[in-house]
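K.L.:
Sequences and hints are given; from them, build the entire structure.
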Amino acid sequence: MQIPTTISPIHFAIPIVLILLRVAYAQAKRLVGSSNKSMTYVVKWGRERLYFPLPSPDSKLSVIRQQVADYTQLPPNSFKLVHAGAVMKDDNALISSYGIKEKSTIAIVGGDNSAPIKSAPERRTEDSIISQIRTELDKVRQTLQPDVDDFLSFIEPTATSSASAPKPAARPLLNKTEKRSDLAQEHIRLGELLLQSLLRLDAINAEGEWEEARKERKGAVREVQGLLDRLDGGWRSRTKA
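Positions -28 to -1, 1 to 213 (mature numbering (1 follows the signal peptide of the UniProt record, and there is no 0)) are the ones given, in order, by the sequence shown.
Everything labelled a hint here was simulated from the structure, so no lab data went into it. Here a beta-carbon is modelled for each residue, glycine too, at the ideal position from N, C-alpha and C. There's no promise every hint is true.
[What the hints assert, rightly or not] Between beta-carbon pairs, the in silico distance windows are:
hint, residue 1, residue 2, range
1, Asp99, Ser68, 45 to 55 angstroms
2, Pro29, Lys187, 19 to 29 angstroms
3, Lys73, Arg161, 16 to 26 angstroms
4, Lys52, Glu98, 21 to 31 angstroms
[As the list claims (entries may be wrong)] In silico lysine-lysine, DSBU-like type, Cα no more than 30 angstroms apart, as pairs:
hint, residue 1, residue 2
5, Lys52, Lys16
6, Lys16, Lys187
7, Lys73, Lys16
8, Lys61, Lys16
9, Lys52, Lys111
10, Lys61, Lys111
11, Lys61, Lys187
12, Lys16, Lys75
13, Lys52, Lys32
14, Lys61, Lys75
15, Lys75, Lys52
16, Lys187, Lys32
17, Lys61, Lys190
P.N.:
Written out as structure tokens, the structure reads:
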């Protein structure tokens, strides 16, 4: 005599639960994938703002460099990549180590993005180029240098101020109640403005025979780069303290 086998309802429930879990997993994976595809970062190239798909965090910086090179047609080694006021030098480092994430902004310094200026060479003279260079440098001296000096004197009271023209009465840049996050934001702001000035100077195309103009531009770039180096050096010293 056979004893009738009783089948518990749970035997029917388990396959249904497994199917539902697989469907939910597939949908979640698809949503995550589409979310990653929509994530972008910004590249400043002269006056242009370019948007690129963000690689995965474990990608190397060389991936971003190649993306930029492919779009701009610049040789990969002809430009520097700058993020948060610092030059990213190691192409083998992971982009996550540089803090690059969605909506991050990277500036290009160098390269040959000045070619369009050659469209009307007859309107350009060496004197006009020198005037353009000096105007840009004067803006840095009058607007950015005082703020950099104030910033450095706040985070490093013994820091030596710049030896150029006397500093005009400046607005209260920082006060003793500033938070570290505010200081970091000010460091980024000043660094980006100085980099923008370097980009503008780099875009000024001095003709080969204009020796004086090329000397002016070289000196201006050296001064602005020196100001940026002081800013970054002071900030690094503070963060190590």
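K.L.:
Look at each hint and say if it fits the structure.
P.N.:
Hint-by-hint comparison with the structure:
1. Asp99 / Ser68: 45 to 55 angstroms: 49 angstroms, holds
2. Pro29 / Lys187: 19 to 29 angstroms: 44 angstroms, violated
3. Lys73 / Arg161: 16 to 26 angstroms: Given range 16 to 26 angstroms: holds, Cβ gap about 19 angstroms.
4. Lys52 / Glu98: 21 to 31 angstroms: 28 angstroms, holds
5. Lys52 / Lys16: Holds, because 12 angstroms separates the two Cα atoms, which is no more than 30 angstroms.
6. Lys16 / Lys187: 26 angstroms, holds
7. Lys73 / Lys16: Given that 30 angstroms is the threshold and the Cα spacing comes to 16 angstroms, the pair holds.
8. Lys61 / Lys16: Between Lys61 and Lys16 the Cα gap is close to 18 angstroms, so the pair holds against 30 angstroms.
9. Lys52 / Lys111: 24 angstroms, holds
10. Lys61 / Lys111: Satisfied, since the Cα-Cα distance of roughly 28 angstroms is no more than 30 angstroms.
11. Lys61 / Lys187: 27 angstroms, holds
12. Lys16 / Lys75: Roughly 12 angstroms between the alpha carbons, so the hint for Lys16 and Lys75 holds.
13. Lys52 / Lys32: 15 angstroms, holds
14. Lys61 / Lys75: Judged against 30 angstroms, a Cα distance of about 21 angstroms means the pair holds.
15. Lys75 / Lys52: With Cα atoms ~19 angstroms apart, Lys75 and Lys52 stay inside 30 angstroms; holds.
16. Lys187 / Lys32: 37 angstroms, violated
17. Lys61 / Lys190: 22 angstroms, holds
Checked against the numbered hints listed earlier, the structure breaks hints 2 and 16; every other hint is satisfied.
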